[in-house]
Structure formats: C-alpha cells, structure tokens
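A.B. asks: Model the full assembly from the supplied sequences, consistent with the hints where possible.
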Amino acid sequence: MAFKGVDYMDLDGELSSEERMARDTVRRFVDSEVLPVIEEAYLEGRFPTEIIPGLAELGVLGANLPEEYGCAGMNNVAYGLIMQELERGDSGVRSFVSVQGALVMYPIFTFGSEEQKRRWLPAMAKAEAIGCFGLTEADYGSDPGGMKTRAAKDGDGWVLNGSKMWITNGSMADVAVVWAKTDDGIRGFLVEKGTPGYEAKGMHGKHSLRASDTSELVFNDVRLPGDAILPGSGGLKSPLMCLTQARYGIAWGAVGAAMACYDEALRYSQERIQFDKPIASFQLVQQKLVEMLEGITLGQLLAYRLGRLKDAGKYKHTQVSLAKRHNVMMAREVASSARWAMGANGIHSEYQVMRHMCNIESVFTYEGTHDIHTLIVGQDITGIAAFE
Amino acid sequence: MKIVVCIKQVPERDARLRIASDGKSVDTAGVATEINESDQYALEAGLRVAEKVGGEVVALLLGPDAAEEAIRRALAMGAARAIHLNDAGFQGGDASSAAKALAAAVRQESPDLVLTGLQSDDAGWSQTGVILAQLLGWPSATLIMEIEQPEDGRIKVKRELEAGWFQWITLPLPAVLTIQSGIYPVRYATLKGIMGAKKKEMKKMGPADVGVDGGQVGAAGRKVELKRLYVPEKTAEAEILEGDAATAAASLVDRLQKEAKVL
Ligand SMILES: Cc1cc2nc3c(=O)[nH]c(=O)nc-3n(C[C@H](O)[C@H](O)[C@H](O)COP(=O)(O)OP(=O)(O)OC[C@H]3O[C@@H](n4cnc5c(N)ncnc54)[C@H](O)[C@@H]3O)c2cc1C
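As given, the protein sequences belong to chains A and B, one line each in that order.
Residue numbers are given in this note's numbering: position 1 of the first sequence equals residue 101, and the series is strictly consecutive.
Residue numbers are given in this note's numbering: position 155 of the second sequence equals residue 570, and the series is strictly consecutive.
Don't take every hint at face value.
[Unchecked claim] Heads up, simulated EDC-like pairs for lysine to aspartate or glutamate below, C-alpha to C-alpha not over 16 Å straight-line:
1) Lys-615/B - Glu-118/A
2) Lys-613/B - Glu-167/A
3) Lys-104/A - Glu-449/B
4) Lys-607/B - Glu-167/A
5) Lys-613/B - Glu-118/A
6) Lys-614/B - Glu-118/A
7) Lys-607/B - Glu-168/A
8) Lys-607/B - Asp-124/A
9) Lys-614/B - Glu-167/A
10) Lys-607/B - Glu-118/A
11) Lys-607/B - Glu-157/A
12) Lys-104/A - Glu-427/B
13) Lys-104/A - Asp-429/B
[To be verified] Sample of chain A residues with no beta-carbon within 10 Å of chain B, all distances over it, derived:
14) Ala-223
15) Ala-229
16) Tyr-240
17) Asp-256
18) Asp-274
19) Asp-321
20) Gly-326
21) Glu-371
22) Asp-376
23) Glu-394
24) Leu-409
25) Met-429
26) Ala-444
27) Thr-469
28) Asp-471
29) Ala-485
Hints in this document: simulated from the structure, not taken from any laboratory.
Don't be surprised by glycine CBs; every beta carbon is placed ideally from N, CA and C.
C.D. replies: Set out below in structure tokens:
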C-alpha cells in the first residue's frame, strides 16, 4: 500500500501546490525505487548506487539552488519536504542527498569562484560528479576547530597533509570539499579523486547507517593547484554555515524516519492479534501510538515554521539547532517505541523500524551531536558558552 | 502533432469516502485527490507519442476550481498547456454531458489525436471517451495497451480483448483512444517540471467560450439520473434454492423476474 503521510494537524493546507507536488513525487519515488532495494543494501552494508540516476533525474540534488546552475530552484519548505520523504525511505539515502546538496554544492555555490560553480554545480545536479565533505578528524569531532589537517602554500598552489574520518560518500566521491588549516585560518579546498597522495578508504563494521558510504580520507603531500581553494571561505564559520544548511534538512528528515516507524507500528498493531484482539486495542499500545503521533506532529510544525523563516531569510542558526535537536530526539524515541510495539517482528529486516532505529543513532551524532546543539541553544539564551 | 489528453480529478485510491447529506453524491471535503489512474497513463502515452514525432500535449480537464491541482500535476509531468472547463454550468453532469463539453473544446483545438483514460475511478462509466468520439464523428478504439508511431495520417494500436487476447488495429487520424492502465510506466513529475508548470498556460473556459449551449452540458444536459448512493448494506439473510440444477435455475429466474425485477 502506498504511503499516505502523517498529517494530524492538516499541515497540507498550509502548503502550496508546488510544495505538495514536490513531496508527492519524491514519496512515490521512495515507494517504488528506494523501499524495494533498501533493506538488502542495508544488510549488505552498501549504498544503493542504483537509485542515483533516478534521484538526479527527479532533481533532488541541490534542489534549492538556482536554475542558473542546473538546479530546480525550489524553496526551502519544498526542499525540507523532499528530505522528509527521502529519510522516510532511509537515513542513508537522505544523507547522500544532504551531503551532495548542502555540504558540497552549497559551499561551492556560496564560497566558490564562478568557474568552480560552472564546472561543478550542473554536473553534481545530474550526479555526473559525486561529492563529499571532510571536516571531522579522528581526534576532532565536536571540536573541529582543533583540526590537524594543514594546507601549506607552495608556489602558486598548495600542499595538503592530514586525514579525515567518518566521511559520508567518501569512497564514491569525485570531489571532496576538505577543510584545512592555513596560515590565514581554516579554508575549504576542492580535492579531486585521483590526485596523487589522496586516498579514500571505506570504514566497515557500522551498526548504523549501513546503507551509506562512510570513509576515511588520507592526504599525503597532496599537491593542489591554486584554484583548488574556495576563494570565499574563511574561518570555522564557513564549514559551520554548510552544516546549518544540512541540519535544516535533517530537522525535516528526522520527521520522515519517525513517520515511517509510526506508520508501520500503527498498521502492525491493528493487524497483530493477541489475547483474541488486535494489540491496538490495548491501552499500553494506544499510548505508544498516540505519543508517536504527537512527537511527529510537533516535529512537523517546528520544521515547517523553520522553513518559512528560512524562505523569508529570517532564520537563525540557533533555531536550526533547536529543530535538529528536538526532531532527531523525537525520531529516536518514536523509532524505539515503534520497535517496542512490534515485538519480535520489530527486530526483523522484513520490517523497517529497526533499520530506522539504528540509523537515527548516526543522525543523533553527526552534524553536531545532540549535546552540542543543547550547548548552542544554551549559549544563545543565557549568553554563557558552556563548551569548555 | 497536436494531442489532447482528457484528465479528471478523482478521490485518491483507498481514500475514506463518506456519502453527502443529499444521499446522491460523495462528500469531497477533506478528501485527498489525484489524477484518475488511467488518465495518468493516457497522459504518459500522449507524452511519448509527442516526444517521438514532435508536437505538443494539451491537457483538458472538466472540473471545479479544486481540480486545478490535477492540471498542475499534468503540466508538471510535461503537458505544454492546459484547458480547464470550469464553470457552474459544467457541474453536475453525466458521461454524456461531460463528453459534449469536452467535444466542444476539442473541436476548437482540432488536434490529431485525443486520448482519455479507459474509465474514471469515481463514476466508472467507461463511456466518456467513446461518446466523445461519436460526437466528434471520429474513429475510436478502447482499452489501448500499445501505440505505434503514427504514420501517413494513420495510427496502429493494440487493444486488450478478453481472456488474454489482443487485437492490433489501424485507425485514420484524427481519432480518439481510451487508454488502459499499465500501458507504459508513468513518469515522475520532476522538480524542474513542477517549477516550470507555473509558467505554462492554463486557460479557464465556460460553455460560451467553447461555443456549447448551456442546456446541453452539466446538470441541465444529463441523461442519467442518479437516484441514491449508498454503502452496500449487510444483511444476514440467505436462502438456498432446493432441488436439482434445472429446478433451482428455473426458480432463480422466476425470482429474479418477479421479486428482484432485474430480468
Ligand atoms: C555515519 C556518520 C557519518 C558522518 N559523516 C560525516 C561527514 O560526511 N563529514 C564529516 O565531517 N563528519 C561526518 N561525521 C562525523 C560527525 O560529524 C562526528 O561524529 C560528530 O561531530 C561527533 O564527533 P565525535 O564522533 O568525534 O564525538 P565526540 O566529539 O568525541 O563526542 C563524544 C560525546 O561527547 C559529547 N561531547 C563532546 N563535547 C562535549 C561538550 N563540550 N559538552 C558536552 N558533551 C560533549 C558528545 O555530545 C558525544 O556524546 C559522520 C559521523 C557518522 C557517525
């Protein structure tokens, strides 16, 4: 049966017809192209590359960037709804699209030269080139400002040394946006696959986000031309601006993962008979379902309002932090509750809940951990930074 | 080549429907809608023909303001422009009065080919397409499963017959085809298509604009009157007709004639 969405407060009535159509077309794509392959890809621990041409054809890669660069030019609410639907399929699929759009195309669009934009953006929208974003290092996660990766001036060009860990799309990427320290602070560089000294190695053994390529990037005296630098980048603020874009998408995406879990648990509880009754007739199960629905509804309203603020050019990164923090925690609770309500079947790959439940642990940690977002909002409301 | 595709907006599949207080219609308030399934296939078929031989697809829809959403979807999928027969005078009709309105609009466009869905998922008459062809005086074929590239003013199509049989026939153009669901996979509206749809022409027309007499269309022009709409009633009554097959059959025919009055 086709997924119908969860819309207890008639949020649909607030959406424009373009926004609804964008959501519906991606919803249909997820039903027909993602769900049939995702469970197996997850178990095999690989990103389902077979869906990439379809994603590109639909136009979801960099969907909120302008038409001038081969993108769809959607508004941010439509973009958010697209992320919601993709993550309703799998967090790994949404991560692929978030990294490509918000963490690679966005910095090229924002900090890149006109030449870099013309070269990469249309190709990336068509998935002719895949990108990754390298900020985190083995010893610098929540505190990326301490990074060890360095780019030193070398004549007209640069020499890059260091390594990055936990990089989504790392092994698949044709180009990496790499953040490195230079004599004038942190700058972004475009490092192309095949550049001597640059190597990407897949990281194995994940229990979460298995349908996603997570890799380590190593840079050993990698010589880069002068035009590899993103000229507009400067300071830690630049990668953080990218993260704000991606976190915005995650605030919506988490709602999608929660919707998938709730939808499955609701159906299951109406069909599963114990003590001669559907388990949905027991109060303990109803309470779980109602709390799931409540969480999703609040998450939707938060994401929606944030989207309208973003479209009006009025949102603050601290508001994005609040939404990422709230919605991912909500999805984490919904997934675990849905799994709970589904008994043994809840842990099996014939159902989706456990996959979502495991995925959410990565989403909870990346793009600023839950705790870091607490501290960001905490600093905003008290005026006191509590990071150190 | 100009192709007109007739589309209708209907309640979404497995939508929960309620009967309106008049007892004759469905209460559509809050019901999600979509383009009628076989019309989606008709649109896909039309777009494929236009892509092969060049030309444009014009979406033609009869329905209220709320049906604009279906038109936008058709434009997002690739129709070049749309005509919306939207007027109080068009409402409340049946297959025949809808076909009259559509025929008037089609005559103004004078296309080479008209495609409709096989049937609508709501009323399910399966008649609009064929009545439309009759009114236009054009050849028509129903239950189309495949369309070959049109050549020399003719088009070759495959029809579905019963029990797994098919028939290939050739029709002179212009013609009307009613398309069976499943003919070709329906494309996704792309995000660029959705954004581009805003810029496409959507002409709203009333009876006078298409040159049809108001008495012929909508409620005024209907030939069928719907008396009552109801959810099938469950009863616990059942009767077993006794005797051998011949006796039981005779008794059944008798009952159907006299009691049920359906024969
Ligand atoms: C599947 C996956 C994909 C990823 N993809 C990418 C990617 O594409 N690119 C990229 O650059 N990175 C990526 N990451 C890395 C991710 O962003 C980091 O894991 C994240 O920033 C957290 O860093 P850490 O794992 O080193 O945890 P740590 O920073 O070591 O944190 C450990 C714990 O300590 C807490 N903590 C840390 N500092 C404080 C503090 N000051 N106050 C209170 N609590 C604190 C944290 O909240 C956490 O609970 C990915 C991670 C995963 C799991």
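A.B. asks: Taking the hints in turn, state whether each one holds.
C.D. replies: These are the hints, each one checked on the structure:
With a CA separation close to 14 Å, the supplied pair Lys-615/B and Glu-118/A stays within the 16 Å bound. In summary, the hint linking Lys-613/B to Glu-167/A is supported, as the alpha carbons are separated by about 14 Å, within the 16 Å threshold. Restraint check: the Cα-Cα separation between Lys-104/A and Glu-449/B comes to about 12 Å, which is no more than 16 Å; the hinted pair holds. Simply put, Lys-607/B and Glu-167/A have alpha-carbon atoms about 8 Å apart, close enough for the 16 Å limit, and the pair holds.
Between Lys-613/B and Glu-118/A, the direct Cα distance comes to roughly 9 Å. Compliance with the 16 Å bound is thereby established for this hinted pair. The suggested pairing of Lys-614/B with Glu-118/A holds, with an alpha-carbon distance near 12 Å, which does not exceed 16 Å. In summary, the hint linking Lys-607/B to Glu-168/A is supported, as the alpha carbons are separated by about 12 Å, within the 16 Å threshold. Distance hint between Lys-607/B and Asp-124/A is fulfilled; the C-alpha atoms sit about 14 Å from each other, no more than 16 Å.
For the suggested pair Lys-614/B and Glu-167/A, the alpha carbons sit about 14 Å apart, so the restraint of at most 16 Å is met. A distance of roughly 11 Å separates the Cα atoms of Lys-607/B and Glu-118/A; the hinted pair therefore holds under the 16 Å criterion. Straight-line distance between C-alpha atoms of Lys-607/B and Glu-157/A comes to about 9 Å, which keeps the hinted pair within the 16 Å bound. With a C-alpha separation of about 10 Å, the suggested pair Lys-104/A and Glu-427/B falls inside the 16 Å cut-off, and the hint holds.
Distance check on the hinted pair: Lys-104/A and Asp-429/B sit about 10 Å apart at the alpha-carbon level, within 16 Å; holds. At roughly 16 Å from the closest C-beta of chain B, the C-beta of Ala-223/A stays outside 10 Å, upholding its exclusion from the interface. Non-interface status of Ala-229/A relative to chain B is upheld: no Cβ of that chain comes within 10 Å, the nearest being about 19 Å off. Residue placement check: Tyr-240/A keeps its beta carbon more than 10 Å from all beta carbons of chain B (closest about 36 Å).
Every CB of chain B lies more than 10 Å from the CB of Asp-256/A, the least distance being 39 Å, so the non-interface label holds. The claim that Asp-274/A is not at the interface with chain B holds, since no C-beta of that chain comes within 10 Å of its own (minimum 23 Å). At roughly 42 Å, the least C-beta separation between Asp-321/A and chain B is larger than 10 Å, which holds for a residue marked as non-interface. At roughly 35 Å from the closest C-beta of chain B, the C-beta of Gly-326/A stays outside 10 Å, upholding its exclusion from the interface.
The Cβ of Glu-371/A sits about 16 Å from the closest Cβ of chain B, beyond the 10 Å cut-off, so the non-interface label holds. Annotated as non-interface, Asp-376/A keeps its C-beta farther than 10 Å from every C-beta of chain B; the closest such distance is 22 Å. Against chain B, the non-interface label of Glu-394/A holds: every CB pair exceeds 10 Å, the least being about 21 Å. Here Leu-409/A stays apart from chain B, with its beta-carbon at least about 22 Å from theirs, past the 10 Å limit.
Chain B leaves Met-429/A outside its interface by the beta-carbon criterion, the shortest separation being 30 Å against a cut-off of 10 Å. Once the 10 Å rule is applied to beta carbons, Ala-444/A is consistent with being away from chain B; the minimum gap is 29 Å. With a cut of 10 Å on Cβ distances, Thr-469/A stays outside the contact zone with chain B, its closest approach being about 32 Å. With 10 Å as the threshold on Cβ separation, the claim that Asp-471/A sits away from chain B holds: the shortest Cβ distance comes to roughly 35 Å.
Here Ala-485/A stays apart from chain B, with its beta-carbon at least about 40 Å from theirs, past the 10 Å limit.
Violated hints are absent here; each numbered hint is respected by the structure.
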